[in-house]
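A.B. asks: Residue strings, one per chain:
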Amino acid sequence: DVKVTQSSRYLVKRTGEKVFLECVQDMDHENMFWYRQDPGLGLRLIYFSYDVKMKEKGDIPEGYSVSREKKERFSLILESASTNQTSMYLCASSLIEPYRDRAGGYTFGSGTRLTVV
Amino acid sequence: GENVEQHPSTLSVQEGDSAVIKCTYSDSASNYFPWYKQELGKRPQLIIDIRSNVGEKKDQRIAVTLNKTAKHFSLHITETQPEDSAVYFCAASRGTYKYIFGTGTRLKVLA
Chain A
1 DVKVTQSSRY LVKRTGEKVF LECVQDMDHE NMFWYRQDPG LGLRLIYFSY
51 DVKMKEKGDI PEGYSVSREK KERFSLILES ASTNQTSMYL CASSLIEPYR
101 DRAGGYTFGS GTRLTVV
Chain B
118 GENVEQHPST LSVQEGDSAV IKCTYSDSAS NYFPWYKQEL GKRPQLIIDI
168 RSNVGEKKDQ RIAVTLNKTA KHFSLHITET QPEDSAVYFC AASRGTYKYI
218 FGTGTRLKVL A
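Chains A and B supply the protein sequences, listed in that same order.
In terms of my numbering, the first sequence opens at residue 1 and continues consecutively.
In terms of my numbering, the second sequence opens at residue 118 and continues consecutively.
Just so you know, the hints here were simulated from the structure itself, not pulled from any lab data.
Being a predicted model, the structure only gives us computed values, none of them experimental.
Glycine included, every Cβ here is placed at the ideal spot set by N, Cα and C.
One should not assume that every hint holds.
[Unchecked claim] Where chain A lies over chain B, by a calculated footprint (3+ residues, C-beta under 8 Å):
id : region
1  : 154-161
2  : 213-220
[Stated by the list, open to error] Each computed DSS-like pair below joins lysine-lysine, with the alpha-carbon atoms no more than 27 Å apart:
id : chain 1 : residue 1 : chain 2 : residue 2
3  : B       : K139      : B       : K154
4  : A       : K57       : B       : K225
5  : B       : K159      : A       : K3
6  : B       : K159      : A       : K13
[Stated by the list, open to error] Between beta-carbon pairs, the in silico distance windows are:
id : chain 1 : residue 1 : chain 2 : residue 2 : range
7  : A       : K13       : B       : N170      : 38 to 48 Å
8  : A       : G40       : B       : K159      : 11 to 21 Å
9  : B       : E132      : A       : V52       : 24 to 34 Å
10 : B       : A228      : A       : T15       : 38 to 48 Å
11 : B       : Q177      : A       : K13       : 35 to 45 Å
12 : B       : E132      : A       : I96       : 38 to 48 Å
13 : B       : P199      : A       : V12       : 30 to 40 Å
Based on the provided sequences and hints, a complete structural model is requested.
C.D. replies: Below, the structure written as C-alpha cells:
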C-alpha cells in the first residue's frame with residue numbers, strides 16, 4: 001500500500017542536463033516536501049508546498065525549483081544538474097498540520113538516488 | 118538559525134543491551150518531536166513521537182524523554198535486537214508545517 005511514490009529509484013544524468021524528479025501521493029495531503037539526504041548532514045529541506053501552486057523555499061533551494069500543479073503531485077526540477085547535486089532525494093507529504101496526524105505527520109517516499117556525472 | 122543536533126553519529130551495541138540517542142534543539146517554539154527509523158534502502162518511518170506537554174512516552178521497547186527547559190530529547194531502545202539496526206533521525210517541529218531533522222545516528226546491533 002505505497003502512499004508516496006517517487007517515479008525513479010535510481011537516476012544517472014549528465015552535468016548541465018535538466019532533471020525532473022516526480023512525487024505522487026494518494027493520501028489527499030495538503031503539504032508536500034522535497035528533502036535531500038547526505039551522509040553526516042541528515043535530511044535538509046529543499047522546498048515545500050502547502051497547497052496547489054504554492055511553494056516556499058527550504059534551507060537549500062539554490063539550483064532547484066519545484067512545481068505543484070495538482071494536489072497529489074510535487075515535482076523537483078534541477079535546471080542545470082551539477083555534480084554537487086549527486087544525492088538521495090526524498091519526497092514526503094503530510095496534513096496541513098502534521099503533528100495532528102495520529103500517524104505522526106510525514107509519510108516519505110522511497111527516495112531517488114541521483115548521480116550527476 | 119534553528120537547528121537540531123544529534124549524537125552520536127554511530128552507535129554499536131551488543132544484542133540485548135540498551136541504546137540511547139540524544140538530540141538538542143534550538144527553537145523554543147518547537148512543540149512536537151518525532152523519531153524516524155530508516156532501514157537500509159528503505160524510507161524513513163515514524164517509530165515514536167512526543168509532544169511538549171509530555172515528559173516521557175513509551176511504546177514497548179522504545180521510549181522517548183523530553184526536557185523542555187534544557188531543550189533536550191532522547192530515544193531509548195531497550196533489549197536491542199538485530200532488526201533495530203538502522204539509521205535513526207530525530208526531528209523538531211518548526212512553525213506550522215515543517216520539521217527540522219537531526220543528522221542521524223547509525224545504530225548497529227551486534228549479535
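A.B. asks: Now tell me if each hint is right for this structure.
C.D. replies: Hints, one by one, checked against the model:
1. 154-161: holds (count 3)
2. 213-220: holds (count 8)
3. B:K139 <-> B:K154: holds, 14 Å
4. A:K57 <-> B:K225: violated, 35 Å
5. B:K159 <-> A:K3: holds, 14 Å
6. B:K159 <-> A:K13: Holds, at about 23 Å.
7. A:K13 <-> B:N170: 38 to 48 Å: Holds - the Cβ-Cβ distance for K13 (chain A) and N170 (chain B), about 47 Å, lies within 38 to 48 Å.
8. A:G40 <-> B:K159: 11 to 21 Å: Given range 11 to 21 Å: holds, Cβ gap about 20 Å.
9. B:E132 <-> A:V52: 24 to 34 Å: violated, 49 Å
10. B:A228 <-> A:T15: 38 to 48 Å: Holds, at about 44 Å.
11. B:Q177 <-> A:K13: 35 to 45 Å: The hinted range 35 to 45 Å holds for Q177 (chain B) and K13 (chain A), with Cβ atoms some 43 Å apart.
12. B:E132 <-> A:I96: 38 to 48 Å: Holds: the Cβ-Cβ distance is about 42 Å, inside 38 to 48 Å.
13. B:P199 <-> A:V12: 30 to 40 Å: Check passed, 33 Å falls within 30 to 40 Å.
The structure shown violates the earlier hints numbered 4, 9.
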